[in-house]
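Position chain W against the provided structure of chain Z, taking the given hints into account.
2 protein chains.
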Amino acid sequence: MQVQIKSPYLLFLGDEPEESHAKTAVGIAHWRPDSCVAQLRLPGSGVDLGFPDMTPAEAAAAGAKSLIWGVAGVGGIVPEHWIPTLFEAVEAGLDIVAGTHSSLTEISGLADAAEKAGTSLIDIRNPPADLPVGTGVKRSGRRLLMVGTDCVVGKKFSALAIAKEMVDRGMSADFRATGQTGIMISGGGMPIDAVISDFVSGAAEVLTPANDDDHWDVIEGQGSLYHPGYAAVTLGLMHGSQPDAFVVCHAAGRTMIEAFPDFPTPSINELIDLTIANGKVTNGKIRCVGVSVNTSELSEDERKEYLQKMSDETGLPCVDPVATGVGPLVDHLVEVFK
Amino acid sequence: MQVQIKSPYLLFLGDEPEESHAKTAVGIAHWRPDSCVAQLRLPGSGVDLGFPDMTPAEAAAAGAKSLIWGVAGVGGIVPEHWIPTLFEAVEAGLDIVAGTHSSLTEISGLADAAEKAGTSLIDIRNPPADLPVGTGVKRSGRRLLMVGTDCVVGKKFSALAIAKEMVDRGMSADFRATGQTGIMISGGGMPIDAVISDFVSGAAEVLTPANDDDHWDVIEGQGSLYHPGYAAVTLGLMHGSQPDAFVVCHAAGRTMIEAFPDFPTPSINELIDLTIANGKVTNGKIRCVGVSVNTSELSEDERKEYLQKMSDETGLPCVDPVATGVGPLVDHLVEVFK
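If you're matching them up, the sequences are chains Z and W in order.
First residue of the first sequence: 0, per numbering that gives the first Met the number 0; consecutive thereafter.
First residue of the second sequence: 0, per numbering that gives the first Met the number 0; consecutive thereafter.
Chain Z extracted, bound-state conformation (with noise of 0.2 Å):
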């Protein structure tokens, strides 16, 4: 019942001249290189993810299964030039993936020409019909979650490199998707803040299914317990999801919830003491196993004493995922859990 894309990928960049507005490609490449065959890029592109250059019909003749729209939109619109790409792709028998701003189903006959390729237009938005309402009942497997001070400080990065990291050590792990790019990197989720807010929480538990004792899901944050905007989202998918653990995220610097300047980030105790109070409704054995720090803006001195601060004032591991790493976390999630 989660959003499913058939892999590997043929990753669309079109003609974006910069990378920053590849972000979705960049992340599935950098996450799941396995599951890229190829890139397709239009004359005047600026990326290079290092994938072959490749038409749709050569992708799906290499094993391709889904093109996935790898860059932003621009304010929705297709550009006129890219629209031939994906009538090859739906011809070449690949599924077209996107998410946000896509308006695919209002391209004039590409859906037609999609149902007569026997191929599908997915906007990974759309969350799987008849989701449940949640049940809370206990459900076999670990679960750890991130949490967030705010949107946009990591959460989908901070559990893509816990997944992995586990991994790496032999640890069974899945990372769980609950975003657009998440899902595009993960082949597969929930688009959480689209579901009804009645089914939040089941669409959680759907996406997290009992599974075997020392089974980890790794399950992307959304918004946070702090936002005047998303915190139902943040509640909904905490209960579904149950976490035996969980991560708090942050960006180094970030005072105010982003673009809502009236309301202050919380502190890293404040957020842990509200996620353990409402998380322990659905376990009451919830606990922190450490922070996840976006410290970019910092110098590299600047960093070790932020870290350093913050790990004396939460009893925690703190750590940076990009410039330290989070085997720290994982460390003490394995020695809390053993």
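Please note that a few of the clues may not be correct.
[Stated by the list, open to error] Distance condition first, Cα-Cα at most 20 Å in a straight line; then the derived SDA-like pairs of lysine to any residue: (1) Z:Lys279 - W:Lys284; (2) W:Lys279 - Z:Thr254; (3) Z:Lys284 - W:Pro263; (4) W:Lys64 - Z:Ser266; (5) W:Lys279 - Z:Cys150; (6) Z:Lys137 - W:Ala258; (7) Z:Lys137 - W:Phe259; (8) W:Lys279 - Z:Asn268; (9) Z:Lys279 - W:Lys303; (10) W:Lys137 - Z:Met255; (11) W:Lys279 - Z:Lys137; (12) W:Lys279 - Z:Ala276; (13) W:Lys279 - Z:Ile267; (14) Z:Lys279 - W:Pro260; (15) Z:Lys115 - W:Lys284; (16) W:Lys284 - Z:Asp261; (17) Z:Lys279 - W:Asp272; (18) Z:Lys279 - W:Lys137; (19) W:Lys137 - Z:Pro263; (20) Z:Lys337 - W:Ile271; (21) W:Lys279 - Z:Pro260; (22) Z:Lys284 - W:Pro260; (23) Z:Lys279 - W:Pro208; (24) Z:Lys279 - W:Ile275; (25) W:Lys279 - Z:Asp111; (26) W:Lys279 - Z:Met255; (27) Z:Lys279 - W:Met255; (28) Z:Lys279 - W:Ala258; (29) W:Lys284 - Z:Pro263; (30) W:Lys284 - W:Pro208; (31) W:Lys137 - Z:Glu257; (32) W:Lys284 - Z:Pro260; (33) Z:Lys279 - W:Glu269; (34) W:Lys303 - W:Arg253; (35) W:Lys279 - Z:Lys284; (36) W:Lys279 - Z:Glu257; (37) W:Lys137 - Z:Pro260; (38) Z:Lys284 - W:Asp261; (39) Z:Lys137 - W:Glu299.
I should point out that these hints are in silico values taken from the structure, not numbers from a laboratory.
The structure presented is a predicted model; accordingly, all values stated were derived computationally and were not measured.
Same frame as chain Z, now just chain W:
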């Protein structure tokens, strides 16, 4: 941008033999008798709400604008012999207003007949389109939210009773409905649990807009922060409502969340603490002003003792809105906010 219903009403009771299956109509008759022109009963009905019996044409001639589906559906199927009345209603120029499990648009020809007559089939479970993301920006006016230890503990009844008490005292107050029965009673509102999770707090902001400084919106609550299925709805409603004050609603003797036997209901003080911890995100001055308990299963002596004990534990007025009335809650609210 709220759901709106045209009044006055013709209350449709079908041939329900039992008043307990006509709760919506009973509620409307109790709280908004001035909104009702007539009732419509089919042969075999065992319900009498005391209004004149009229056909749709007679009710329309008497001023009615909407036929209100006042009875529970039978598994979502509209009884065959009720259907002619629905056609009579649209042909008489009445909107038909219904909620859960009604399938008005599936009745062959009814939607066409309504369109031809220029009337509407209104499913009050459908939220308005284009709801915004919540902003959290402080609005003028006062807001009082009902919060519950569980679902079905009297949040709607308490809010209606408090709003009525305020109006009876000459205060400026509106009941704000968040569920289908409440919406039918008050003629408008927001089916908050049907809103996509990203927009729940925004929907609550739309429901309770800026108002005069001394005006109170008395807001029907939904779910519970302790409910493993519905807490996301509860939190989004609270953040968007940015309540200055809240009343805890409870049903005496309820110890477990209804239909969720592994989940205990919280103590009143636990719920107060968690409500304040979450609610202060959008209103730093949020406070509890009392407790409203359904004590219908207790004897009079037990009730007195129960409410006294609860009042001692919380330091707040504790009432049964039916047995004692909500006067003490409003007294306290007025005192606190004078």
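I'd like to know which numbered hints this structure contradicts. Please list them from smallest to largest. The structure conflicts with hints 1, 4, 9, 11, 15, 18, 20, 23, 25, 35 and 39, although it agrees with all the remaining ones.
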